[in-house]
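J.: Take a look at the letters that make up each chain.
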Amino acid sequence: MILVIGGFASGKRTYVKEVLGYTDEDMTDQAIDERRVVYNAQNMAMGDPEAIDKTIEELCRKDVVIACEIGLGIIPLDKNERMLREAAGRMTNRLAKRADKVIRMVCGIPLVLKG
Amino acid sequence: MMVLITGGSGSGKSTFAEGVMMRFAKPYYYVATMLPYGEEAHRRIERHRRIRAGKGFSTIERGTDLTGVEFPYGKGAVILECVGTLLANEMFEEDGAGKDAEEAVISGIMHLKDEASDLVIVTNEVGSDGYAYGEETTEYMKILGRINIRLAKMADAAIEVSGSQPIFLKGAIR
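First to last, the protein sequences are chains A and B.
In case it helps, this note's numbering puts the first sequence at residues 56 to 170.
In case it helps, this note's numbering puts the second sequence at residues 241 to 414.
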């Protein structure tokens with residue numbers, strides 16, 4: 056599995072299409088179905104630990120997982136928002152450990168963090 | 241050596257920073273700046289304690305004025321976690337330095353650097369969510385950005401952690 060991370064609109068999906076050769080039809084939005092690429096995976100990080108473990112197992116069987124980095128701002132006053140960004144970060148770390156390759160997009164430029 | 245480690249929430253920077261500490265000689269000191277207010281802070285502190293458990297850290301809890309920190313078991317490797325919280329305490333807590341917060345943070349860290357054989361500093365990236373905040377928060381973001389730049393200049397190595405992966409911005413860890 057290749058994990059692609061980066062901020063909002065940093066070029067993650069464009070990279071997956073232009074460089075890795077996938078199309079929009081291959082991509083699904085924060086869901087597990089037959090498609091090989093999942094984006095917005097950061098939104099799949101909340102829930103009970105067992106469900107998250109299962110989601111991570113399923114994501115690791117995909118070709119490509121795309122997750123927004125959402126922890127790089129002021130820590131929100133709202134508790135749920137705080138929990139979400141923390142959970143999203145932790146899930147991304149677990150995916151990164153399992154991934155064959157980790158790419159971080161900055162200004163449309165891919166930085167290879169792993170692999 | 242002095243190592244600066246930055247990253248966002250949940251990036252894995254604490255775990256990475258504590259791994260870096262293991263390269264240095266004991267004794268290990270953990271300077272914790274988070275004040276134990278409320279259940280969430282307690283959980284967070286618990287989590288960091290769990291990560292450190294069995295690694296031989298002495299924890300020193302200090303929310304403001306790090307120039308007063310003393311190390312009871314002699315010179316050793318020190319980890320400071322984290323600059324973002326320290327600055328918030330200095331700016332907004334009653335016993336903080338208020339308008340002199342930036343210099344208070346820097347001089348506190350300089351004191352740790354003088355007293356430590358090695359220093360690992362964990363800071364925070366807060367400038368990339370694109371929101372416009374009120375005056376106080378904007379000031380906080382500006383000062384934290386300046387402090388991070390000053391610390392990175394002084395550091396032998398500066399690393400951003402993202403998705404638990406280190407990105408070397410400056411230098412290397414020996």
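Keep in mind that the hints were calculated from the coordinates and are not lab data.
Careful, some of the hints might be misleading.
[Stated by the list, open to error] Distance condition first, Cα-Cα at most 30 Å in a straight line; then the derived DSS-like pairs of lysine-lysine:
hint : chain 1 : residue 1 : chain 2 : residue 2
1    : A       : 152       : B       : 295
2    : B       : 410       : B       : 295
3    : A       : 152       : B       : 266
4    : A       : 156       : B       : 410
For clarity, every value in this text was computed on a predicted model and none was experimentally measured.
J.: Give a verdict on every hint.
T.: Tested hints:
This hinted pair checks out: residue 152 (chain A) and residue 295 (chain B) have alpha carbons roughly 22 Å apart, not beyond 30 Å. Between residue 410 (chain B) and residue 295 (chain B) the CA atoms are separated by roughly 27 Å; this keeps the pair inside 30 Å, and the hint holds. Using a Cα cut-off of 30 Å, the hinted pair residue 152 (chain A) and residue 266 (chain B) holds, with the two alpha carbons roughly 29 Å apart. Taking the CA atoms of residue 156 (chain A) and residue 410 (chain B), the gap is about 23 Å. The hint holds against a cut of 30 Å.
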